[in-house]
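**Student:** Dock chain B against chain A, hints included.
Heads up: the protein sequence lines correspond to chains A and B, in order.
Heads up: the first sequence begins at 1 in this note's numbering, then just goes up one per residue.
Heads up: the second sequence begins at 1 in this note's numbering, then just goes up one per residue.
No wet-lab data here; the hints were simulated from the structure.
Note that the Cβ used here is the ideal one computed from N, Cα and C, for glycine as well.
Take these hints with a grain of salt, some might be off.
With a cut-off of at most 25 Å between alpha-carbon atoms, the simulated SDA-like pairs for lysine to any residue come out as follows [said to hold, decoys possible]:
{"#": "1", "chain 1": "B", "residue 1": "Lys3", "chain 2": "A", "residue 2": "Arg228"}
{"#": "2", "chain 1": "A", "residue 1": "Lys199", "chain 2": "B", "residue 2": "Ala42"}
{"#": "3", "chain 1": "A", "residue 1": "Lys81", "chain 2": "A", "residue 2": "Leu121"}
{"#": "4", "chain 1": "A", "residue 1": "Lys81", "chain 2": "B", "residue 2": "Trp55"}
{"#": "5", "chain 1": "A", "residue 1": "Lys64", "chain 2": "B", "residue 2": "Leu69"}
{"#": "6", "chain 1": "A", "residue 1": "Lys64", "chain 2": "B", "residue 2": "Phe84"}
{"#": "7", "chain 1": "A", "residue 1": "Lys64", "chain 2": "A", "residue 2": "Asn54"}
{"#": "8", "chain 1": "B", "residue 1": "Lys48", "chain 2": "A", "residue 2": "Pro187"}
{"#": "9", "chain 1": "A", "residue 1": "Lys160", "chain 2": "B", "residue 2": "Ala75"}
From the derived model, a few chain A residues whose C-beta atoms are all more than 10 Å from chain B [unchecked claim]:
{"#": "10", "residue": "Phe37"}
{"#": "11", "residue": "Asn54"}
{"#": "12", "residue": "Asn59"}
{"#": "13", "residue": "Pro61"}
{"#": "14", "residue": "Glu159"}
{"#": "15", "residue": "Thr194"}
{"#": "16", "residue": "Ala205"}
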Amino acid sequence: MKKLTLFSIVAAVVLLPQLAQAMHIMEGFLPQMHAFFWLAAVVPFLAVGVGRINGVLHNHPERKLLLGLVTAFVFVLSALKMPSVTGSSSHATGIGLSAILFGPWVSAVLAGIVLVFQALLLAHGGLTTWGANTFSMGVAGGLTAYLVFRGVRVAGLSEKLAVFLAAALGDLATYMVTAGQLSVAFPDPVGGITASFFKFAGVFALTQIPLAISEGLLSVVVYNTLLRYNAQGLIHIWWNGKEHKA
Amino acid sequence: MKKYENLILLSLVVLLAAVPLVWNSGAEFGGADDQVKDVVAAINPDYKPWFESIWSPPSTEVESFLFALQAAIGAGFIGYWLGFQRGRRNGRTA
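If we strip away everything but chain A, and leave its shape as in the complex, we get:
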């Protein structure tokens, strides 16, 4: 039985080498109405996020460096395209850590910043799809990571496990939402949105799983380092959810 499972995994990997994942939605690949809808959807999150960041800078200047650190983490992870088991490459987002430490609103702003950079200089993602991409990466990814972290903590499991699961599942949530956005814009003529969703999700499902695990592991590495050097200030933020209001 184990052999059969292993065989099917190997077969999938060999037979589907062209499967690659849909990082961000490319320029011009959402119809206008959809593009504007997601832009409008993401604006309130960005507005609150900018407010939160201002709050951190004014009321907790000692957290400025920490904010810089989570931003840098997003920059690094979303720039590193790593090879995955399916024979294609993809990258993580790094957004989970920022959501855990500063709340999902701030994550939305950080995702927006990185995505502007990548749309303008790298032709990666796009300006017309910026709203949709910021929503999937910052809002959906950030919110998922934040809720998973709180949920695992409430369940009484270790903080380290909470960080790992939050970052990994936040990463996966980003890609599921991307597939959802595409399937709503391009419903299958026969099977509708559901059939479309499986087609788009199938493009990245296998590829993204090892990358989500990598993102979780790297987030734990940063967490360990944070505890080593900055334990008191950090635990203070983490244990009091209200502190996010800064």
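**Tutor:** Just chain B now, with coordinates in the frame of chain A:
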């Protein structure tokens, strides 16, 4: 064990990236946005993107330069943060 935890975690990340390269060595490891184009074309052959990228890197070399630059900016700050925290802690105990 605790002392080496980060080292072990980082090794796992390296393994996750390295194993596919060896195991699936015939693959192209192409980046992937183009795959979506194919799915869109299959579902709705009439769809035409209504906006093009304002600027695209002229070659894959320039593109990887810009990706490396993005990673370097991030990694540079992380290095600064690490050094700053370490120095501050050592300064306190000294």
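**Student:** Determine for every hint whether it applies to the structure shown.
**Tutor:** Hint by hint, here is what the structure shows:
no. : hint                : verdict
1   : Lys3/B to Arg228/A  : holds (11 Å)
2   : Lys199/A to Ala42/B : holds (10 Å)
3   : Lys81/A to Leu121/A : holds (16 Å)
4   : Lys81/A to Trp55/B  : holds (21 Å)
5   : Lys64/A to Leu69/B  : holds (23 Å)
6   : Lys64/A to Phe84/B  : holds (13 Å)
7   : Lys64/A to Asn54/A  : holds (10 Å)
8   : Lys48/B to Pro187/A : holds (15 Å)
9   : Lys160/A to Ala75/B : holds (23 Å)
10  : Phe37               : holds (15 Å)
11  : Asn54               : holds (20 Å)
12  : Asn59               : holds (21 Å)
13  : Pro61               : holds (15 Å)
14  : Glu159              : holds (14 Å)
15  : Thr194              : holds (13 Å)
16  : Ala205              : holds (12 Å)
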